[in-house]
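Trainee: These protein sequences, in sequence, are chains P and E. Numbering-wise, my numbering comes out as the position in the first sequence, counting from 1, plus 12. Numbering-wise, my numbering comes out as the position in the second sequence, counting from 1, plus 38.
Note that these hints are calculated values from the structure, not bench results. Do not rely on the hints blindly, as some may be mistaken.
To be verified - Taking lysine to aspartate or glutamate pairs in the DMTMM-like style, the calculated list, with each CA pair at most 25 Å apart, reads: (1) E:78 with P:68; (2) E:74 with P:61; (3) E:91 with E:122; (4) E:76 with P:14.
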Amino acid sequence: GENVEQHPSTLSVQEGDSAVIKCTYSDSASNYFPWYKQELGKRPQLIIDIRSNVGEKKDQRIAVTLNKTAKHFSLHITETQPEDSAVYFCAASNSGSARQLTFGSGTQLTVLP
Amino acid sequence: DTEVTQTPKHLVMGMTNKKSLKCEQHMGHRAMYWYKQKAKKPPELMFVYSYEKLSINESVPSRFSPECPNSSLLNLHLHALQPEDSALYLCASSQDHRQDTQYFGPGTRLTVL
Numbered sequence: 013g014e015n016v017e018q019h020p021s022t023l024s025v026q027e028g029d030s031a032v033i034k035c036t037y038s039d040s041a042s043n044y045f046p047w048y049k050q051e052l053g054k055r056p057q058l059i060i061d062i063r064s065n066v067g068e069k070k071d072q073r074i075a076v077t078l079n080k081t082a083k084h085f086s087l088h089i090t091e092t093q094p095e096d097s098a099v100y101f102c103a104a105s106n107s108g109s110a111r112q113l114t115f116g117s118g119t120q121l122t123v124l125p
Numbered sequence: 039d040t041e042v043t044q045t046p047k048h049l050v051m052g053m054t055n056k057k058s059l060k061c062e063q064h065m066g067h068r069a070m071y072w073y074k075q076k077a078k079k080p081p082e083l084m085f086v087y088s089y090e091k092l093s094i095n096e097s098v099p100s101r102f103s104p105e106c107p108n109s110s111l112l113n114l115h116l117h118a119l120q121p122e123d124s125a126l127y128l129c130a131s132s133q134d135h136r137q138d139t140q141y142f143g144p145g146t147r148l149t150v151l
């Protein structure tokens, strides 16, 4: 089955700096890669996603890049703000009929004011 | 309205109790999911319903019993749980089992005494 590795497990940045979180996946048939943000005690919220026919996608301060050859994708957050502090999970969708999501282990991002 | 609702928000139960978790969505989604999430870990898939039929059971113990009464509702019946079953139980939905974007509910925080 699919295996997704996520790094780093914790990340602290100063407010205004950029943050980058990286994930690698094992199944070359995976073709959908969402990123979820989960604040303490809250639900995972989809913040951005990318499909395998696209190399990069941007939404305001958030961008995701995908390298299919190397089987890795990254989340980039620019001009970080304290409210960006949360756990971020990457995921990959397999090619099976039920479109299961395989999650990475998560990154605790702390933005220091 | 991209909202999935879950009740109750919190549940405390003894090991001999029987209780049920409820999930509802009115987005017309035809795939619904149950996940279990332990603290500081990613969500783990338990069950997938597609068009009201159980399509995936991730080797979940029989003390967890899912039910999908109609396309908008998903239940998880609990019986004879163990303390290690204490976790956040998340429901999610997607347009159908081939559509990748999953939207999560707020979860039920379950404590088994």
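Trainee: Quick one, are residue 76 of chain E and residue 14 of chain P close enough, alpha carbons at most 25 Å?
Mentor: holds (20 Å)
Trainee: Quickly compare the C-alpha distance for residue 78 of chain E and residue 68 of chain P to 25 Å and report which way the hint goes.
Mentor: At roughly 28 Å apart (the allowed maximum being 25 Å), residue 68 of chain P and residue 78 of chain E break the hint.
Trainee: Verify the proposed pairing of residue 91 of chain E with residue 122 of chain E, using a straight-line Cα cut of 25 Å.
Mentor: Violated, at about 28 Å.
Trainee: Is the straight-line distance between the alpha-carbon of residue 74 of chain E and that of residue 61 of chain P 25 Å or less?
Mentor: holds (22 Å)
Taken one by one, the earlier hints fail for this structure at numbers 1, 3, listed in ascending order.
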